Each structure stands twice: as structure tokens, then as C-alpha cells.
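The listed protein sequences correspond, in order, to chains X, W and G.
In terms of UniProt numbering, the first sequence opens at residue 1 and continues consecutively.
In terms of UniProt numbering, the second sequence opens at residue 1 and continues consecutively.
In terms of UniProt numbering, the third sequence opens at residue 1 and continues consecutively.
Simulated from the structure, these hints should not be mistaken for lab results.
One should not assume that every hint holds.
With a Cα cut of at most 25 Å, we get these calculated DMTMM-like pairs of lysine to aspartate or glutamate [to be verified]: (1) X/K145 <-> X/D90; (2) G/K130 <-> W/E32; (3) X/K183 <-> X/D256; (4) W/K6 <-> X/D72.
Residues on chain G that point at chain W, a partial pick, calculated with CB under 8 Å [unchecked claim]: (5) G84; (6) T87; (7) N89; (8) F90; (9) S100; (10) T101; (11) R104; (12) G107.
Pair ranges (Cβ atoms, derived) [said to hold, decoys possible]: (13) G/E30 <-> X/N168: 54 to 62 Å; (14) W/E32 <-> X/G32: 29 to 37 Å; (15) G/A106 <-> W/P45: 29 to 37 Å; (16) X/N31 <-> W/A20: 38 to 46 Å; (17) X/N31 <-> G/N89: 27 to 35 Å.
Just so we're clear, the structure is a prediction, and the values are computed from it rather than from any experiment.
Don't be surprised by glycine CBs; every beta carbon is placed ideally from N, CA and C.
Letter by letter, the chains look like this.
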Amino acid sequence: MNTKALTAITAILVFPVAVMAGPDEENLVINGELDMTSVTKAPAHLENLDTIYSGWHFRTDETQALQIDDFDNPAMIFVDQAVDLFATVDGAAGESCASCHDGVESFKGLQASMPKVDAESGKLVVMEDLINRCRTDRMEADAWKWSGGEMQGMVALIGLQSRGMPMNVAIDGDAAPYWEQGKEMYYTRYGQLELSCANCHEDNWGNMIRADHLSQGMINGFPTYRLKQAKLISRHNRFRGCIRDTRAETFAEGSDEFRALELYVASRGNGLSVETPAVRQ
Amino acid sequence: MASGVKPRVKVPKTAAAGEAITIKTLISHKMESGQRKDKEGNVIPRSIINRFTCEFNGEMVIDVTMEPAISTNPYFQFEATVPEAGEFVFTWYDDDGSVYDEKKTIEIA
Amino acid sequence: MELSRRETLALGLGAAFLTIMPLRANAAAEDAIAAFTGGADVADGGVTLTAPEIAENGNTVPIEVSAPGAASILIVAAGNPEPGVATFNFGPLAAAQAASTRIRLAGTQDVIAVAKMADGSFAKASATVKVTIGGCGG
Chain X
1 MNTKALTAIT AILVFPVAVM AGPDEENLVI NGELDMTSVT KAPAHLENLD TIYSGWHFRT
61 DETQALQIDD FDNPAMIFVD QAVDLFATVD GAAGESCASC HDGVESFKGL QASMPKVDAE
121 SGKLVVMEDL INRCRTDRME ADAWKWSGGE MQGMVALIGL QSRGMPMNVA IDGDAAPYWE
181 QGKEMYYTRY GQLELSCANC HEDNWGNMIR ADHLSQGMIN GFPTYRLKQA KLISRHNRFR
241 GCIRDTRAET FAEGSDEFRA LELYVASRGN GLSVETPAVR Q
Chain W
1 MASGVKPRVK VPKTAAAGEA ITIKTLISHK MESGQRKDKE GNVIPRSIIN RFTCEFNGEM
61 VIDVTMEPAI STNPYFQFEA TVPEAGEFVF TWYDDDGSVY DEKKTIEIA
Chain G
1 MELSRRETLA LGLGAAFLTI MPLRANAAAE DAIAAFTGGA DVADGGVTLT APEIAENGNT
61 VPIEVSAPGA ASILIVAAGN PEPGVATFNF GPLAAAQAAS TRIRLAGTQD VIAVAKMADG
121 SFAKASATVK VTIGGCGG
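Sequences are here, hints too, so could you generate the full structure?
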């Protein structure tokens, strides 16, 4: 770490609040029955971490409680809305998602392997791409806005079908070049503060940054309901926020850069349960 | 009517006569406080749910008056006595005059 | 030590958390309570108010209030620009004079619950909630 970055990070880390250091030891069990893997051995490709933790472990008891019961979880109202949307006809073709897909349960397992390389185009695709492709090409309807309520509700509903399954994105074969690109971004220092994702989420997880308890920056719970915005937040929106905080220009939601970063960040969480939709501060 | 308003209510399907049960309710609503400004600096007008009630077979369980300090997507948890089989009626009153309701029946086991 | 503008800014944000001062009860909060009690005396005890000591985000702070035998309970956030939060009125089929909800707090402050008992007397409880300044991550 160069001295400039060191100064920047020590300036924003607030060590005296040591009481909350480290992840907590509780187990994440949802609805009293679904045991989640929220702590596990780091995947082999991760050189600098031995153990990976879900962001849930870094939140206060009150925030954690909102995620352990589906009724208390405010994200579920948006999931409910998506259930209705799934059956709503839209677009010139006169179809709804349900006209072609045999129930949203048929997407079980999909989230655990996203992002993935699309066999036809050879391009890396994320869940939002799959949904919008059906909307524009198959329903002849307008694409949904990336971080809009409809899109993130649907991403959450489809992700929920895989809740509890271990994240397992492919990083080799066709995916390798995208994964390398994402990894490179993860270690690139952005902005006036010259901080990389790794400076915060790999070198300083468990510490307090200003008043926030820093996690490993995992995305296994996305889209997450954030108390701050009181709505579902997309992965790319979170990436933007983190880069903006280093006072850098950021990439756009839905950009190829963020697709690659999403693949790499997802792969850092390989082995953690899909938690969608999680609740965060 | 504010768009996308959707209630969620959790009530057990059965209870013993006279039993106390826990009820949880959640409704999607922005709860615009009237204190925020838009990008141009204009105050965004207040638009909240200002009252919530729960009745069972026409008798009151709880009647809540709400101010803008209730969080977005208002949540309530409370306890009700179930004297007999019947129907809970939940009602939310919006500033704009809209009324949203939800009903749940309960059997005596 | 010479600090650049951004380092000073970052330090300032960190320090703000450590030196946080509760927002004082304002006259509006006292007015709201007086309107509820009609100016009657308010005893301590008989009301339980449960709130987190530290809230990660002031937008959604879970609270729980209980006052056995109360007809109604007023909740006031003494440091909010508009202190009123909610009034719970319990009907004959309320199994307990208790309720939970989620509230907005503009900063570190006292939350006050005032219960009107069945006999017309009043009781109160309060809790201080520290609201942290969320630092990062959009």
C-alpha cells in the first residue's frame, strides 16, 4: 500500500469503536427452518482470505432480525409484487412471463450460477439481461430500468427460488476472460482516495469505517433491501455507491465492466448460500 | 391512489377460543414525509398512510394514528384475542383518500 | 501535521460519530405530550419502551411499547423536526396493550412513550437511541 492510500484509509477508519470488531458468531437460520451457510472456507482462487462471511454477520442484531423471518423482511413486499407481475400480460405479443415459463419455481438453481456466459452470443450475462431479453425480444415490451422496482423485484423473486443453495459461478472456460477483467477491477485503486475494493473489503473487513461495520462485500444476498433507501438495491447500484465513495467517476449500471465485476465478486462468495433478498443497513 | 400499494398480513389459520394470537402487518408505501426536497429544491408534498385499524367480527383490536415519522413500508405487530371463529379486517387510510383493506378468516381448533 | 481538505473531511466524519450529541427535546415534543395528557401529571413506570441502543440507520428503527391496562399509547421522537410518531388505541379485543413498529429518527435522540391508563392517569417511559452516520457504500 502506498503512503497516500494508507493515510486515506486510516483517516476514514474509526478504530476506537472496537466493541463491534469482527463478524459475529450467530447462525443465520431463516423462518426457523432454513439453515444458511453464511460462513465457510474461502474458494481456492481467493489467495488473501481463509474464511468468507455473508454481510449479515456484520450487521446489528436489529438489522439481522429483519432477515430471519420472511414476514419481518420488508423485501418480501416487492417479491409479492413480482409474483403478480410474473402473471401480468405486457407488450405487443400479448404474453406474460407465466405464458411461457412453468411457474417461477422453474428457475430454481439459476441464481447460484449467475452471472454466466450465454451459449449463443458468448457474452457474459447477468439476471437483469435474461429478464430484459424476454421482455424485449419475446414479449415485445419495453425493457425494465436496471435498478427500477419492477426489475429488482423480479430479480429478487427469481433469486429467492435458489435461497439456501451454495453460490457456484463458473470462472473457467468461456468465463475466464470476464473473470480476469473483474478481478483486475477489484484490485484497481479508484478515485481521489485511491482505494480499491480490496483495500476495504479484503484488507479491512471487520473494522469500523466511519460508523459502518465493514463486511467482505459479498453479493450473495442481492438484491438487498436497504434500510437507507427503503427499497431493493441492485448489485450494480451497490458497486456504483462504493466507487463513488472513493470520489471517483463510476461505471454505469448495466455496463460490461460491472458485469465482469459482478462475476468476480460473485465468485469470491462461491460456497455461501444464496440469501436473496437480504436486509442491510 | 399511490401506486404499488400492497398489504401483507400474517394471522394464524386456527386458534383456541379465547386465545391470544400475534398478528403482523406490512404495507408497501413511500410514507413521503413532506420534509424532503426534490432536485430543484421544491418541497415534496406529504403523502402518508395516516391511520391503520384492525377489527375482528366488527370489534376493535387496535386503531393507530400515524405521523410521517413512521418508516417507509409501515410495519405493525400486536396481539389479539380470538373469542370465536370469524374474520379480521385490516384497513389502511391514505392521505389521498384511498383506503386499502385485507381480510383474514380464522377457525377455532 | 498538514491535512489536505479531503483528509480533514474524512476525519471530521469519523469524529462526528464519536462526539454525537443527542438532539434535545424541543418545545413541539412537549406540546404534543401536553395535547395528549391535557396537561395532567405523568408518572414514571408502568410503560416499557424497547428500542435499540444504536441504530444502524435512522430510516428504520424498530421499537416496541407495552403498557398493561392502557387505553392508548402516544409515541414521540423528541428530536425530530416533527416529533409526533404514532398513537396506538387499544380496543376490547387487544390481547395485550402492546405493539411494535418501525420509525424514523433524524439523529441521536430520546424516544418517549406516554400511556393513558384506563383510570385516566398517565405514565411514561423513554429510551435514548444513538443514530450512526452511515459512512459508505452509497
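Now the hints, each set against the structure:
1. X/K145 <-> X/D90: 15 Å, holds
2. G/K130 <-> W/E32: 23 Å, holds
3. X/K183 <-> X/D256: Within the cut-off at roughly 14 Å; holds.
4. W/K6 <-> X/D72: 15 Å, holds
5. G84: Because about 4 Å separates G/G84 from the closest Cβ in chain W, which is inside the 8 Å limit, the hint holds.
6. T87: 4 Å, holds
7. N89: Holds - the Cβ of G/N89 comes within 8 Å of chain W, reaching about 4 Å at its closest.
8. F90: Holds: closest Cβ of chain W sits about 6 Å from G/F90, inside 8 Å.
9. S100: 4 Å, holds
10. T101: 5 Å, holds
11. R104: 5 Å, holds
12. G107: 13 Å, violated
13. G/E30 <-> X/N168: 54 to 62 Å: 59 Å, holds
14. W/E32 <-> X/G32: 29 to 37 Å: 35 Å, holds
15. G/A106 <-> W/P45: 29 to 37 Å: Violated - the Cβ-Cβ distance for G/A106 and W/P45, about 19 Å, lies outside 29 to 37 Å.
16. X/N31 <-> W/A20: 38 to 46 Å: This hint is violated: roughly 22 Å between Cβ atoms.
17. X/N31 <-> G/N89: 27 to 35 Å: 32 Å, holds
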